[in-house]
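Q: Given these sequences and hints, build the entire structure.
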Amino acid sequence: MKRLRSRAVAPPLHAQAPSPSDTPAWLSGWLADAFLLRTIPLDHLLPRDGLLPPESLRTFCLDARWLQAFASGALSAGTSLSAEIPFAQAAFPAVFAQAALQAGLVDSPSGGVAPFAAVVSGFLLRSGVVKGWPKMEARAFGANGAPLARVRWDLLADGVMIALFIGQMASFDLLEPAESLHFGLEPEPPVEGQKLLRFIAGPKGGAGVPGETISSAPTVTPVCRGGNGQPGNRGDHGVLRVRDLAGKLGAGLAQAHANQNLDGTPRLFTSAEFALQMVEGVQVVAFDLTAP
Amino acid sequence: MTSRPLNTPALASPRVLRDDPISAKTVVFGQFDEPAMQSGNYLLTLDQAVQATLPQPPSDDEREAAVLPLEDNPGPSISELYRFQRKFSVLGPRFSLPAASLSAFFPPANGSGDYDDVMPHASLTESSLPWQRSAIDGGKDAKSTPWLALLLFGDGVTAPKSAAGAIGDLQIQGATPFSTPNPLPADTVSYGGRNPFILEPGSSPDDPCRFIDIPMDDFAALAPSPSELPWLAHTREVRLSAALTESADEAPGRYATLCSNRMVSATAGSWTAFVVSLEKLSAFLPADDTYELDATQWKGFGRIRLAVLAEWSFSSQTPKETFSGYLENLASESNPRGLSPLAHAAPANDGTPAAAWLAQAYSAGYCLLPHHTRLGVSTASLLRGPLLPYAPPALSQKTTTLDLSADSCVRLDPAHGIMDMSLPCAWQLGRLSALQDPLLSSSMQAWKRKQVSAAQLAQWGPTLLDGLLPDALALRAQLDEQAPLEHKETRMSARDALQKTVPLALQAALRALAADGRAHGEESGQ
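The listed protein sequences derive, respectively, from chains A and B. Under the working numbering, think of the first position of the first sequence as 854, with each following residue one higher. Under the working numbering, think of the first position of the second sequence as 252, with each following residue one higher.
The set of hints was computed from the structure by calculation and includes no laboratory data. Check each hint, because a few of them may be wrong.
[To be verified] Away from chain B, derived, C-beta distances all over 12 Å, residues of chain A:
| hint | residue |
| --- | --- |
| 1 | Asp-1011 |
| 2 | Gln-1108 |
| 3 | Ala-1109 |
| 4 | His-1110 |
[Said to hold, decoys possible] SDA-like cross-link-like pairs, simulated, lysine to any residue; straight-line CA separation at most 25 Å:
| hint | chain 1 | residue 1 | chain 2 | residue 2 |
| --- | --- | --- | --- | --- |
| 5 | B | Lys-701 | A | Ile-938 |
| 6 | B | Lys-394 | A | Arg-1120 |
| 7 | A | Lys-984 | B | Asn-586 |
| 8 | A | Lys-984 | A | Ser-909 |
| 9 | A | Lys-984 | B | Thr-518 |
| 10 | A | Lys-1101 | B | Gly-589 |
| 11 | B | Lys-394 | A | Gly-1103 |
| 12 | A | Lys-984 | B | Gly-589 |
| 13 | A | Lys-984 | B | Glu-579 |
| 14 | A | Lys-1101 | B | Val-279 |
| 15 | A | Lys-1101 | B | Glu-543 |
| 16 | B | Lys-531 | A | Asp-1097 |
| 17 | B | Lys-338 | B | Asp-457 |
| 18 | A | Lys-984 | B | Gln-568 |
Glycine included, every Cβ here is placed at the ideal spot set by N, Cα and C.
A: Spelled out as structure tokens, the structure:
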């Protein structure tokens, strides 16, 4: 009996700090969704009206401390014994790091448990452009011009898009979706209503990137049925003399040595090359955040 | 019958704007995607010609003599032709398209925007579809000439209204025994010209289709010439970089693209585009270069009826409603709240220190909101969400610790006595979100209990096995030997001692241990 009593006092529990990989996938996955703000209600992201008025764009950085409090609250659920608290405390850094890793916010568990070493930045866009071009693309660049990894680009609410990038954005671009890749004439002066020739192929080592316009080559002016051949003249109904245009484009490319096989012999000019010449690229709108 | 190899596709990445690993998407254009066989009825003929000369059967005399050489004695010759014929058909879309065949339109259906000088196009999911038939009836160009064309109406050329009808409506009158709701008028030409076209197996004059009647002059103005058709269709192969494949909205694959020969004008207005079939109608198309209709072919006709395989409308708008128009408006002077970091507009600064302090808080993303504390006091506290208008310092490993409760992370500005409730709100939101997910909360409870039990067992196990358990078992055995009733109190106190010293979480583990623990205990006791 004596011996029994002498051992009656439980020694304090010192749970071993688990490594991030010990975190169950269901937990880190759930937290990762929250870290990417997927499961955070909109009224918590924007606690008050007026933060994102119509036709506005707001840049932000993610508050890792806020996510830490969120994760702490989440981990508090289902605690029924006081002994579980030290365990949760010990496990927390690993859980946090693993969730950040799963969310793509860190590249690798560097030393295990230092999440959010990099800033996570992004923007919210509320505009009619979201409804009109829901498949537009976004990309961001850091201060040194290096592209930032995009971890989220989603419709957040009706007419609101959210973008999250690893690192501090210095500039970002919004691009028309690739489906908007369309055919037409140059829209901007001084070559409005004309076509700049695009490089197609040539011998190895030759100048020219496929698809890029050849600045040195003369432009081609399409002629419409009933038109006088001047740039911008639409003739009767703006119907192009397609065969005539294809002939001119083919001749222009041949002259610019921009449509050749690897051995320098001329390539065929077919509807594929014609399509490439007639493509008008998608519009890109660049935002520079460092500009004064 | 042999399929010509596809022409070398023109390789291009038309969006090389910057070297971009995130949205690298390559488009490869191809001249055409020729089907192994064009759609239509085929007659397969196999001829076997047999020619032979049989030897003359020898007469009885010769047989007896057996001297006549065979070659000098030719018999009757055979020349016969064995013909084997099979009819078969290659089926394909003809007067209507399944909805899944259409991938995309540009400009988008019902879209509005600045489409000045744009040539509309339609993408088809089946990359060989435009070449499955031909606008030319036979000849060397038939294989490379598509049968589909995109006709664009609007701005001076009134769009005909497409009507729902049946294939029989495209047939000259009297060619089908059925009466159709919209019989082809005598002055309207359609497929087959002056002769009825042949129905393919599996199709009937009753099959639904949509068609439009185009006046001759409009058709002459808009329709491409036969030699222009090949320029207006190509294939497009979309390849995605690895980074994009997961969230790609446009699936990689091969598409066929039909392009219009007409450009949208800057005039605001409504436009309608039709994908029409021109199957074997090359004789009725405008001539190459002159774009005039063949008067002989068109004699007696004033209109043409074409099957509509797809149609969509869009409208030209002012430049503001364009992609760049919208985005440039964000940074324009007329929209002062367009582009900024995510922060509230600070309340009016009246020059007091409190207002200056508040303005600073607002610039850090906070806003001041009414706060009813747990004690029933009404006050005002600062709040902000997870999105900050500035880059916060990185969390270090040391500070990444569990917040034990919502209240533990209240931040207080002692100088002004104002609380920052952002973190407690986040904590509560985390807890409520976890509880809202029944699977997560129950899994978490089980996970924590399991982990704690394991940790406790690791710690208590040696103690139990070395001392506590043998002691308890010895006591139990000792008590069992004695009369149970007399020692009830002693027995109770032993159980109490067990319960007090062994945490609740170990009850199950201990019970499990007790089964084989006796043996274990005996071993330890030795």
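Q: Which numbered hints turn out to be false for this structure?
A: Violated: hint 10 alone.
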